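With chain A held as given, fit chain B onto it using these hints.
As a plain string of letters, each chain reads:
Number of protein chains: 2
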Amino acid sequence: MLHSMTIREQIHKVKEQSRKLSTSDDGQRRELLGLIAEGLVRDWPLIQSANEQDCQRAMKEGESQALLGRLSFTEDKRRSVLTGITQVSLLPDPKGRVLEKRLLDEGLTLSRVSVPLGVIGMIFEARPDALVQIVSLCVKSGNAIILKGGAEALLTNRALVSSIARSAGASSLGNGWLLLLESHEDVEEMLSCRSDIDLVIPRGSNKFVQYVMDHTSIPVLGHSSGICHLYVDKDANLDMAVNCAFDAKTQYPAACNAIETILVHSSVAASFLPLLQKKFNEKKVVIHGDERVCSFIRCLPYKEGDWGKEYLALECNVHIVDSYQMAVDHIATYGSHHTDAIITDNDATAKAFLMDVDSADVFVNCSTRFADGYRFGLGAEVGISTSKIHARGPVGLSGLMSSKWLLYGKGNVVSSYVGDHAKTFIHKDLL
Amino acid sequence: MLHSMTIREQIHKVKEQSRKLSTSDDGQRRELLGLIAEGLVRDWPLIQSANEQDCQRAMKEGESQALLGRLSFTEDKRRSVLTGITQVSLLPDPKGRVLEKRLLDEGLTLSRVSVPLGVIGMIFEARPDALVQIVSLCVKSGNAIILKGGAEALLTNRALVSSIARSAGASSLGNGWLLLLESHEDVEEMLSCRSDIDLVIPRGSNKFVQYVMDHTSIPVLGHSSGICHLYVDKDANLDMAVNCAFDAKTQYPAACNAIETILVHSSVAASFLPLLQKKFNEKKVVIHGDERVCSFIRCLPYKEGDWGKEYLALECNVHIVDSYQMAVDHIATYGSHHTDAIITDNDATAKAFLMDVDSADVFVNCSTRFADGYRFGLGAEVGISTSKIHARGPVGLSGLMSSKWLLYGKGNVVSSYVGDHAKTFIHKDLL
Numbered sequence: 001m002l003h004s005m006t007i008r009e010q011i012h013k014v015k016e017q018s019r020k021l022s023t024s025d026d027g028q029r030r031e032l033l034g035l036i037a038e039g040l041v042r043d044w045p046l047i048q049s050a051n052e053q054d055c056q057r058a059m060k061e062g063e064s065q066a067l068l069g070r071l072s073f074t075e076d077k078r079r080s081v082l083t084g085i086t087q088v089s090l091l092p093d094p095k096g097r098v099l100e101k102r103l104l105d106e107g108l109t110l111s112r113v114s115v116p117l118g119v120i121g122m123i124f125e126a127r128p129d130a131l132v133q134i135v136s137l138c139v140k141s142g143n144a145i146i147l148k149g150g151a152e153a154l155l156t157n158r159a160l161v162s163s164i165a166r167s168a169g170a171s172s173l174g175n176g177w178l179l180l181l182e183s184h185e186d187v188e189e190m191l192s193c194r195s196d197i198d199l200v201i202p203r204g205s206n207k208f209v210q211y212v213m214d215h216t217s218i219p220v221l222g223h224s225s226g227i228c229h230l231y232v233d234k235d236a237n238l239d240m241a242v243n244c245a246f247d248a249k250t251q252y253p254a255a256c257n258a259i260e261t262i263l264v265h266s267s268v269a270a271s272f273l274p275l276l277q278k279k280f281n282e283k284k285v286v287i288h289g290d291e292r293v294c295s296f297i298r299c300l301p302y303k304e305g306d307w308g309k310e311y312l313a314l315e316c317n318v319h320i321v322d323s324y325q326m327a328v329d330h331i332a333t334y335g336s337h338h339t340d341a342i343i344t345d346n347d348a349t350a351k352a353f354l355m356d357v358d359s360a361d362v363f364v365n366c367s368t369r370f371a372d373g374y375r376f377g378l379g380a381e382v383g384i385s386t387s388k389i390h391a392r393g394p395v396g397l398s399g400l401m402s403s404k405w406l407l408y409g410k411g412n413v414v415s416s417y418v419g420d421h422a423k424t425f426i427h428k429d430l431l
Numbered sequence: 432m433l434h435s436m437t438i439r440e441q442i443h444k445v446k447e448q449s450r451k452l453s454t455s456d457d458g459q460r461r462e463l464l465g466l467i468a469e470g471l472v473r474d475w476p477l478i479q480s481a482n483e484q485d486c487q488r489a490m491k492e493g494e495s496q497a498l499l500g501r502l503s504f505t506e507d508k509r510r511s512v513l514t515g516i517t518q519v520s521l522l523p524d525p526k527g528r529v530l531e532k533r534l535l536d537e538g539l540t541l542s543r544v545s546v547p548l549g550v551i552g553m554i555f556e557a558r559p560d561a562l563v564q565i566v567s568l569c570v571k572s573g574n575a576i577i578l579k580g581g582a583e584a585l586l587t588n589r590a591l592v593s594s595i596a597r598s599a600g601a602s603s604l605g606n607g608w609l610l611l612l613e614s615h616e617d618v619e620e621m622l623s624c625r626s627d628i629d630l631v632i633p634r635g636s637n638k639f640v641q642y643v644m645d646h647t648s649i650p651v652l653g654h655s656s657g658i659c660h661l662y663v664d665k666d667a668n669l670d671m672a673v674n675c676a677f678d679a680k681t682q683y684p685a686a687c688n689a690i691e692t693i694l695v696h697s698s699v700a701a702s703f704l705p706l707l708q709k710k711f712n713e714k715k716v717v718i719h720g721d722e723r724v725c726s727f728i729r730c731l732p733y734k735e736g737d738w739g740k741e742y743l744a745l746e747c748n749v750h751i752v753d754s755y756q757m758a759v760d761h762i763a764t765y766g767s768h769h770t771d772a773i774i775t776d777n778d779a780t781a782k783a784f785l786m787d788v789d790s791a792d793v794f795v796n797c798s799t800r801f802a803d804g805y806r807f808g809l810g811a812e813v814g815i816s817t818s819k820i821h822a823r824g825p826v827g828l829s830g831l832m833s834s835k836w837l838l839y840g841k842g843n844v845v846s847s848y849v850g851d852h853a854k855t856f857i858h859k860d861l862l
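Just so you know, the sequences run in chain order A and B. Each residue of the first sequence is one higher than the one before, counting from 1 in the numbering used here. Each residue of the second sequence is one higher than the one before, counting from 432 in the numbering used here.
Hints were generated in silico from the structure; no laboratory data involved. Computed from a predicted model, the values in this text were never measured in an experiment. Some clues are possibly wrong.
[What the hints assert, rightly or not] Just a sample of chain B residues kept apart from chain A, beta carbon distances all over 12 Å, derived:
no. : residue
1   : Gly465
2   : Gly500
3   : Asn606
4   : Gln641
5   : Cys730
6   : Glu746
7   : Asp787
[What the hints assert, rightly or not] Calculated pairs, DSS-like style, for lysine-lysine (alpha carbon to alpha carbon, straight line, at most 30 Å):
no. : chain 1 : residue 1 : chain 2 : residue 2
8   : A       : Lys284    : B       : Lys715
9   : B       : Lys638    : B       : Lys715
10  : A       : Lys351    : B       : Lys444
11  : B       : Lys532    : A       : Lys428
12  : B       : Lys532    : B       : Lys451
13  : B       : Lys665    : B       : Lys446
14  : B       : Lys715    : A       : Lys423
15  : B       : Lys638    : B       : Lys734
16  : B       : Lys638    : B       : Lys491
17  : B       : Lys665    : A       : Lys410
18  : B       : Lys841    : B       : Lys859
19  : B       : Lys710    : B       : Lys665
20  : A       : Lys234    : A       : Lys278
21  : B       : Lys579    : B       : Lys508
22  : B       : Lys859    : B       : Lys715
23  : A       : Lys77     : A       : Lys234
24  : A       : Lys207    : A       : Lys15
25  : B       : Lys579    : B       : Lys638
26  : A       : Lys309    : B       : Lys709
27  : A       : Lys410    : B       : Lys710
28  : B       : Lys709    : A       : Lys410
29  : A       : Lys278    : B       : Lys854
30  : B       : Lys638    : A       : Lys13
31  : B       : Lys451    : A       : Lys234
32  : B       : Lys714    : A       : Lys423
33  : B       : Lys782    : A       : Lys410
34  : B       : Lys782    : A       : Lys423
35  : B       : Lys841    : A       : Lys303
36  : B       : Lys532    : B       : Lys854
37  : A       : Lys410    : A       : Lys423
38  : B       : Lys446    : B       : Lys638
39  : A       : Lys351    : A       : Lys234
40  : B       : Lys579    : A       : Lys410
Yeah, the Cβ is synthetic: ideal placement off N, Cα and C, and Gly gets one too.
Chain A with its partners taken away, still in its complex shape (with noise of 0.2 Å):
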């Protein structure tokens, strides 16, 4: 029904209705959420039909194994998303929270509290299930969505967005706050709508992610690279480290949290480069070593430009380094500021390195891929922010939210404040 109207009337209708969710309570967010895990249900058919025909197409057009993995939308993926939609509904109330509380003087209260941003543009890539995901948490947090996933989920995106259409048109709160995108034109004209857009949350290749913040001033929070480094010091345990690499090379090398780069401390380079080549061995991990890691071990010679290479496959830089500073140091000029961690048994050395490294995740002793807002406890993540300013690392309900300062007079006036006989401000904190 909305399309004899251009994408920026609509963009600007969701805007307007934007006003019901966020100033609806939880209750209403919750009875949503609820029709919505209802319709999903009851919509399998059309949704799995949809997502036959998708998966069909892309293999048709040859499309990687990794993509169809992605795209289909399997019985388990629907278990968990209805689980996690329950979960997002039973967080505690984002909205409303009552962050600082201030008299300013008698009978002048201040309050800041958090409210919803307002409308969140989201691009994400081909994975229908990502979509109910970033739906709960819009819906939870009280934010209208517009949505531009994959192409290739074309029809199953189209489903999943008219079965919830569906449903929240039965609820309290109506439809009308989420609107679905179809074309790269779409995208385009929704980066210019800043007066209608509070956030953009861009995922995908870092060159896409860098487009989208080159080309809006609308604020958007993302990252481009992930170029993640783990540091194994001279004081570390190298059983620890080589577990660590492993898995945080490993277990998903396509995530933006796994590593590219091992950072090897020249005092424990001979006893620790066999271990770890041993160990990577098992699932073949290609190892690009500067010179005297080549000494060590079997690897490809580091060529130019290794440093900053984002892999997302099992292949790893190993560079050995000559003091703490100098891995500081690498981290500095190569990284992308997301997650880097250190594996040593000297607290003093651990402290330092969590204060020197200017990262979202700074990690002690762990793997990096615990960088993830399920893992943190955010109860999702809509993405991870390498950007220093609103949600920095993985981004969940908190990150949807903005604030707003209430201020309760009697009648009271600035002038009082100014001048000979000016009252002075108690300024007392009440939280």
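Relative to chain A, chain B alone:
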């Protein structure tokens, strides 16, 4: 000595130097602020003489009284600037605060701590006292600064920055974390240094702030216009409404938090408007009224576009609305999401207004002029943000902070939490 480097190189140098500040402790930053304050006293004759030259040139060039007032660095301002440095210095350390803490599993503890943003790019008007205030806030929060002040204050700013650099040279943190830009071309260059600048805060005319927002992909915090409203509800105490309107319009009309439009419920218009006019006559406030307003009091008739004007002068729109909802809709349509207030004795209406109005500051029964970092008890402010992400409203120390996630493990790997026999997370909040 830096002048043989390009602006881009100088900015990159500041980024490198920023690590000293961002890893400093509060004692070092207090020491630095103390030295800066002493230095300003020591160098006061130089600063004063530079300021006199700036003022003389501005007078010769026929600048407005308002600009001369802002430009002139009087003894009064010096005193308040020195007090300000001490006050900011004594605020609690905004760095290293533990914002969240969670046990993910036995031996795996996550925390989120506040950290400085890094490098702030600050563009501000010809107010030398503002330069000192901004520097204090940035130092206290551990951020390096690229400054561009109004051209009229060039000599004063140079004298201030060289005094501050001299003081910093004697501190344990050294200098190099402060750079003064002098030309528009330098600002253009700065806006393109995304990898070296973490946040840009522009102050100035709407047009200028808008220009900055449109011409950089660095995150920008600020507000372009301040179209603030006062809504006089049907249940308003009319004397209170008159007092608050008078303060909000006349106490400092050039401020962004001064009101531009008064919305009056039709049921109280006949009694309220003559009272308003009488009070406004004291300061010769020009009223632009809609047709109905003109039938009650003498005023200039409303012209197309008036609702969206930021007068910044003793002029004010007055508009009669027939319902609460019409007032809220008017604010949503014409406001700039800065600061809006309601005058009402009806608690339910007040609560609805706080919820329904999507502005950084929403006030009940007081003047909009309270929207200010100092009055809010934030110590001071670098500006007021109408953006919904990061800090919203007056931006004090906490708005200059980011956070990072720290995870301490004992060799934990993600593969233990996946597949058959997967361990489950504990996710126990420790704060």
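What hint numbers does the structure not satisfy?
4, 7, 8, 13, 22, 23, 26, 35, 40
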